[in-house]
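*Asks:* Heads up: the protein sequence lines correspond to chains G and S, in order.
As numbered in our numbering, residues 2 to 304 make up the first sequence, in order.
As numbered in our numbering, residues 134 to 219 make up the second sequence, in order.
What the hints contain is simulated information worked out from the structure, not anything from laboratory work.
For clarity, every value in this text was computed on a predicted model and none was experimentally measured.
A couple of the hints might just be wrong.
Derived CB-CB ranges, DEER-like [as the list claims (entries may be wrong)]: (1) Q254/G / R195/S: 43 to 53 Å; (2) A169/S / A139/G: 41 to 51 Å; (3) D193/G / R192/S: 35 to 45 Å; (4) R189/G / R165/S: 10 to 20 Å; (5) G110/G / V157/S: 54 to 64 Å; (6) L146/S / L211/G: 45 to 55 Å; (7) D20/G / R192/S: 19 to 29 Å; (8) R182/S / R59/G: 41 to 51 Å.
From chain G, some residues computed to sit far from chain S (all C-beta separations above 12 Å) [said to hold, decoys possible]: (9) L46; (10) L63; (11) V67; (12) R84; (13) D99; (14) A106; (15) G116; (16) E123; (17) E159; (18) F162; (19) S170; (20) G219.
Think of the CB as a built atom: it goes at the ideal place given N, C-alpha and C, for glycine as much as any other residue.
Here is how the chains run, residue by residue.
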Amino acid sequence: MSGQAESRSQPPSLTDLPDDELLAYGRDLGLDLDVHAGRGELLRLIRQRQELLLELDRAAMLDVVVWARCPVRRTAGKDVLARQIAKVHRAQFDGLSDRGLGVLARLRGLDMCTGEPRAELERRLKKVEGFRAKLRRARRGIAAAVISRVIARESSQEYRFLPEDESHSLREEIKDEGVVGGIARKIRGAADDYVREKMDEIETRIDRKLDEIDHRLGEWRDREVANRLKILKITLLVTILVALVSLGYDVVQDRLGEQAQAPSPGRAAEVSAMPRESQPSLLEGEEPGGGASSDVREAEPTR
Amino acid sequence: MRGSDLFELYRQLLAVIGGSYATVRLVNFVWRFQLATRSAPRLEAMARRYLVLQVLRVRISRFALDLLHIALLVLVLGWLIRLHWH
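For reference, chain S alone in the conformation it holds in the complex:
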């Protein structure tokens, strides 16, 4: 880390704004989906609940290899970021 500079400020601002935006959008989507399911006609409500069920039925073990790759890549990225800071 080479002290505070303009790029560092930009990076931190980007992380804060991007993270907040993603979180708010996600919560908003879940909330709206829930509201729409409550007020929807019976068949639509069933279809919406079925979609949620499909998502919950995803088997993590089927994607174990991909998730392992992603974990390794994240570790490598973390290590590289750490090298930047020293």
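Extracted from the complex, chain G is given alone in its bound form:
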């Protein structure tokens, strides 16, 4: 059993894993991996994280987990702790020990300098967070303040680890149920454990596949929405073009109408050359030699 347990706890050979398994394994280690990253890049990041986990102090990681009140067992491995710590996005570090702060900083990708003051480290941790994340945090903070006031109150209970998975020893089993019953129960327990573990594995794989399907469907939906928006944009552009043409047509039509209603320059000169008495009543009040054609236009009734 111990050999099996050892073989089970060994990390899988990275190079043998397919891309999706590699991605999932990297995320299990608390890495924020890009789906489109190359295989080489994924391998590099995962190996880097594995080396970092070897370097980190487990007690310090437990400090972070307790501070963030993540639900873990006291005996949880470093990879489990790293996964939980990766989910912590707090930017207020009150109550976190110095070594815990160091672990948090390293897991968030910061290089540690020896003897760096705590305040400086906290400042760098806050700085590494992007502007959008800060905005999101502020928005969530407001929502949390309102909701917690309405619905729930802050709990100040002490943190407790999840209960360990305890199993009775063979001696206790035999004591309780006799030799045959105890051994049978132990074997059944071992078989149950094996089946449960396998079922857990299968469930995890199914969950992962479902997540992948959901992710792909989401991508397909986003592409579809983007296409619809593009079609809408093209329609609007064409409509604007037609509106422009229509506007131009209106302007040209107006100009042509104005020109058709205005008298020709020859006619205006003819009118100005006529004796004052015989000029049409339309031109009455006009000064002699004062630009007949323009005055004629002014005297025209407007459209």
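Given chain G's structure and the hints, the job is docking chain S onto it.
*Replies:* Just chain S now, with coordinates in the frame of chain G:
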């Protein structure tokens, strides 16, 4: 605007008929989808609800640039229509 003419009548009729048709079809689709989800077997109902969930999970911020373009284009179109009326 150059008074009421045949084209203006056609345009208004088109807007009323087109708008009503689109609204009725949309409401009808949503109503039928809801009815079919209620009476569907469990798995189909789950799939239908999942589709609705997918639609609700669309992040507007991902299409912010496209939506901004569309808003600008709508503004330009509104301005051009206003010019037609003067």
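*Asks:* Mind checking the hinted window 19 to 29 Å against the Cβ distance between D20/G and R192/S?
*Replies:* About 26 Å separates the Cβ atoms of D20/G and R192/S, which means 19 to 29 Å holds.
*Asks:* Could one say that the CB atoms of L146/S and L211/G fall in the range 45 to 55 Å?
*Replies:* holds (51 Å)
*Asks:* Is the Cβ of G116/G more than 12 Å away from each Cβ in chain S?
*Replies:* holds (42 Å)
*Asks:* Are all beta-carbon distances from L63/G to chain S longer than 12 Å?
*Replies:* The assertion about L63/G holds, with a minimum of 35 Å to chain S.
*Asks:* Looking at E159/G again, its CB stays over 12 Å from all of chain S?
*Replies:* The claim stands: E159/G keeps its Cβ more than 12 Å from every Cβ of chain S (closest is about 37 Å).
*Asks:* Non-interface claim for S170/G: all C-beta distances to chain S beyond 12 Å?
*Replies:* Answer for S170/G: holds, closest chain S Cβ roughly 45 Å.
*Asks:* With 41 to 51 Å as the target window, see if A169/S and A139/G comply at their CB atoms.
*Replies:* holds (42 Å)
*Asks:* For Q254/G and R195/S, compare the CB-CB distance with the range 43 to 53 Å and indicate the outcome.
*Replies:* holds (45 Å)
*Asks:* Is it correct that the beta-carbon of F162/G has no partner in chain S closer than or equal to 12 Å?
*Replies:* holds (34 Å)
*Asks:* Per the stated criterion, does the least C-beta distance between E123/G and chain S lie above 12 Å, as a non-interface residue requires?
*Replies:* Holds: least Cβ distance 29 Å, greater than 12 Å.
*Asks:* Find the nearest Cβ of chain S to the Cβ of A106/G and say whether that gap is larger than 12 Å.
*Replies:* holds (29 Å)
*Asks:* Range hint 35 to 45 Å: satisfied by the CB atoms of D193/G and R192/S?
*Replies:* This hint holds: roughly 44 Å between Cβ atoms.
In summary, the numbered hints that this structure violates are 4, 20.
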